[in-house]
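Chemist: Starting from the structure of chain A, add chain B with the ligands where the hints point.
Here are the chains, one letter per residue:
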Amino acid sequence: MPDEKITLEILRYHPETDEEPSFQTFEVPYHEDWVVLDAINWIKEHVDGTLTYRWSCRMGVCGSCGMMVNGTPRLTCAVFLNEFHPEPIKIEPLAYFPVERDLVTVMDSFMEKLQSVKPWLIRNEDEEKPLEEGEYLQSPAELASYKQFSMCINCMLCYAACPVTGLESEFVGPAAIALGMRYNRDSRDQGREQRQEVIASHDAIWNCTFVGECSVVCPKDVDPAGAIQQAKVESTIDWYTSLLPWTKK
Amino acid sequence: MTEIIEHDVLIVGGGGAGLRAAIAIAEADPSLSIAVVSKVYPMRSHTVSAEGGAAAVIRPEDSLEDHIYDTISGADWLADQDAVEAFVNEAPREMTQLEHWGCPWSRNPDGTVAVRPFGGMKIERTWFAADKTGFHMLHALFQTSLKYEPVKRYDEWFATQLLVEDGRCVGVTAIELRTGQVRGIVAGAVIICTGGAGRLWPFTTNAAIKTGDGMAMAYRAGIALKDMEFVQYHPTGLPGTGILITEASRGEGGVLINKDGHRYLQDYDLGKPLDVSDPEHPQKRTMELGPRDKLSQCFIKEQQAGRTFEGEYGHYVHLDVTHLGEKKINKKIPFVRELARNYVGIDPVYDPIPVRPVLHYVMGGIHTDINGATSMPGLFAVGECACVNINGANRLGSNSLTELLVFGARAGQEAVNFAAAQSKPQTGPLEAQVRDEQQRIAGQFINKTGGTERLVTLRTEMNEAMESGVGIYRDAAGTQAACDKMAELQDRFQHVSLDDHSLSFNTELTAALELENMLDIARASSLAANVRQESRGAHQRTDFPPPRDDDNWLKHSLAFRTDDGPRIEHLDVTITRWPPAKRTYGS
Ligand SMILES: Cc1cc2nc3c(=O)[nH]c(=O)nc-3n(C[C@H](O)[C@H](O)[C@H](O)COP(=O)(O)OP(=O)(O)OC[C@H]3O[C@@H](n4cnc5c(N)ncnc54)[C@H](O)[C@@H]3O)c2cc1C
Ligand code: SF4
Ligand code: FES
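Protein chains in written order, with the working numbering: chain A, 1 to 249; chain B, 1 to 587.
Treat the hints with care, as some may be off.
[As the list claims (entries may be wrong)] Straight-line alpha carbon distances no greater than 30 Å define the calculated DSSO-like cross-link-like pairs of lysine-lysine that follow: (1) A:K220 / B:K328; (2) B:K301 / B:K259; (3) A:K90 / A:K147; (4) A:K147 / B:K327; (5) A:K118 / B:K147; (6) B:K284 / B:K259; (7) A:K129 / B:K284.
[As the list claims (entries may be wrong)] Just so you have them, the derived chain A footprint on chain B, three or more residues with Cβ under 8 Å: (8) 72 to 85; (9) 89 to 99; (10) 202 to 216; (11) 229 to 243; (12) 400 to 414; (13) 504 to 510.
[Stated by the list, open to error] A short list of chain B residues far from chain A (calculated; beta carbon distances all over 10 Å): (14) D275; (15) R440; (16) F560; (17) E569.
Think of the hints as simulated: they come from the structure by calculation, not from any bench. Treat the numbers as computed from the prediction; the structure is a model and nothing was measured. Each residue gets a CB set at the ideal place from its N, CA and C atoms; glycine is no exception.
Bound conformation, chain A alone:
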């Protein structure tokens, strides 16, 4: 098998020289147990050192290596060549993101969206537990109610799968909303109201048309679509409650 090859068609773009992106084809030795990232690394090391992309952990946890693989957003360190061989594989940068160079996308707006949901534990002013008194108690069931939303590795695959992020650049988007819900549902947190301004806004949940692709592509089963759905239900309840005569506001 050592002489077997596989073809990678990679979208290249260099901001200093290219008007627009174009595909370049590479022949790579085929190993059954190679992931797509191994093949890309092989190209960079042996054929073309200018090929530009991000990666680090090579074990599906740092979130760096997301790319479009035959049109679907995937972690390239977790998808094997044997899924495609002997057919060629088409590699593009994550969809809907501006491209910095080759397969490297601009993450600025994603980082701003993450921050916008106030992803940290918020306690009421005089209700902070002193460290000397130990941990906040949290039952396994309470932990389970937000655990799934805490598994996000910020790989941005869900944004690349979401048609709304393509149309509405202000859309806060799946991972950031799931992150906001992660804290909202944490029994130790008291900051839900502060987050609502962002989460319940039109640019957040109401922009979502519930295509659900985000949850399909998510490599960590975070279910961001579920998070958005829950957020919608909760803010609808908020809205009704605010109309009730006995709710003071």
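Modeler: Frame of chain A, contents of chain B with the ligands only:
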């Protein structure tokens, strides 16, 4: 044009250590401006890969004394005891702090934080978030850091060199990857938190970014690298990729089996095995819960005796967790299942996982005191890049995540004190240093043509020399060969040729700078291994077999950089209340 950016405190590295330090500073004095420079977005830092857990005494039946003793004996008495004591004392508070910042620790039914046993521990004290502890810790720290406005991040900036003025560290030069510009970032105090250097070796659990950059920057500025001969092999990595199967799998009851179906650790003075169905299994400090150095050495002995399996990626043994059952595996070690299924096609619920020792952790690093201060005023170091030293000749699993927190907080405070007591650095004279660095990088790499060496060739040769010379077992000839090889590779590095001559996001350039860094520290590590003529912990010399030699070698090694290669000096180990004794397991 040279641009100089000014801050009060500068942190290089956005992993667990760097982020903990940044928050400590923001809390100590909200008026200070803090820069966090990181070559990857902070949540991509290698801390994210840590699986098993972080140690701190929390159970009433546990004690600080026991944590101290486990750490010191695990370190084969090469740890500094004042540092270990401070570490153990402050660990519970730091871990609780992280709980208050939202880290989703696994819980007991009563809502308290749950703990599990790790290798070399007398009692369970490892806090965990399933088997994604580092991931949750890093994300909790990163997300918490977002609420502090004075923390300004420089994401995807690659630090290349320390800025030094009158013997004081006043900043770094760094490449902004997006534009390729070299800039100076100047501050009253600098903390290096750049992580380890596992990528010196070919087969490692470490991420691609672990290239020892901060160690090399400090080393080139005249600061000693301490105990670089001590590197930890983890006994259970996946063959081929080196992906880690966490020690938690053994903490939960997994066992190691050779090709004859025998739990071979019982033949190596690590105690008697209990049946996996025995309620007392797994016993602490015994068998599979022995320390990592010993377990990795046992593997080599088994291999030499012909009792390991042989596969496409070399020899291996079996890690069997099947008896835990699907429910427990899914609850306690789900990531182990995910990794084994994805990367070796084995479902550990039904079949044993193939494993072999894999380079995991560099115990040595930038020589610091108990507050993270280095010998250069204004420069501090914390985390895997530093050597405080609590890890000695063998790090105890799950101590290093806690180390990031305890010493991150300490160094943050020290840096605040230092910056407050000193005048602000003058930026004027530094502009020339920044310009020189820009020119060096342009001349040596970007604009250079006609080189003859490819990066991958040099890196592969370095990896091979480290594996064969500075692996689990060493001797005089092998370590000497590694020293010679590094000197040769450093010469050849002058003829490196890059394909990429552009500025924007030039990752071939950063790979070249990383290789330059690795060659420097590989040389220090091989020489330190050559000079230490004894066997202790993870440093096993076949020509100087155990027992360790306290009369001559109960001391740290310090490697200083000179133009003709490293120079090794020695420093006494701080012994306070725990006189050196025999290291025993399995009693
Ligand atoms: C697979 C694995 C599992 C582990 N599991 C455990 C465990 O269960 N328990 C435990 O206690 N320990 C564990 N460890 C060890 C522990 O995870 C590490 O020692 C620790 O996370 C290191 O943290 P750090 O902050 O020092 O460095 P890192 O997290 O590696 O961060 C380094 C930072 O420095 C930055 N940086 C580096 N170079 C430069 C440069 N030139 N310019 C700018 N920025 C730079 C990087 O971008 C990054 O932000 C594990 C290690 C591995 C490999
Ligand atoms: S929600 Fe899933 S797909 Fe989206 S960023 Fe997080 S891990 Fe990635
Ligand atoms: S390289 Fe880290 S997720 Fe793929």
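Chemist: Can the stretch 400 to 414 of chain B be counted as covered by chain A under the rule of three residues or more with Cβ-Cβ separation shorter than 8 Å?
Modeler: violated (count 0)
Chemist: Taken at face value, is the distance from the CA of K147 (chain B) to the CA of K118 (chain A) at most 30 Å?
Modeler: Holds. K118 (chain A) to K147 (chain B) sits at ~7 Å (cutoff 30 Å).
Chemist: Tell me if the straight-line CA distance from K129 (chain A) to K284 (chain B) falls inside 30 Å.
Modeler: 34 Å, violated
Chemist: Please verify whether K90 (chain A) and K147 (chain A) have alpha carbons no more than 30 Å apart.
Modeler: Distance ~35 Å between K90 (chain A) and K147 (chain A) Cα, so the pair is violated.
Chemist: Would you check the hint for K284 (chain B) and K259 (chain B), treating anything up to 30 Å between C-alpha atoms as holding?
Modeler: 25 Å, holds
Chemist: Is the coverage entry for the stretch 504 to 510 of chain B by chain A consistent with the three-residue Cβ rule at 8 Å?
Modeler: n = 5 at 8 Å, threshold three: holds.
Chemist: State whether the coverage of the stretch 229 to 243 of chain B by chain A holds or is violated, taking the criterion as 3 or more residues with Cβ-Cβ distances under 8 Å.
Modeler: holds (count 3)
Chemist: Beyond 10 Å from every chain A Cβ: check whether that's true for D275 (chain B).
Modeler: 29 Å, holds
Chemist: Given as covered by chain A, does the stretch 72 to 85 of chain B meet the bar of three residues or more with CB within less than 8 Å?
Modeler: violated (count 0)
Chemist: Please verify the coverage claim for the stretch 89 to 99 of chain B: does it have three or more residues whose C-beta sits within 8 Å of some C-beta in chain A?
Modeler: holds (count 4)
Chemist: Can we trust that E569 (chain B) is non-interface, i.e. its beta-carbon lies farther than 10 Å from all of chain A?
Modeler: 35 Å, holds
Chemist: Between the alpha carbons of K301 (chain B) and K259 (chain B), is the straight-line distance 30 Å or under?
Modeler: Holds: K301 (chain B) and K259 (chain B) sit about 13 Å apart, inside 30 Å.
Violated hints for the displayed structure, listed by number in ascending order: 3, 7, 8, 12.
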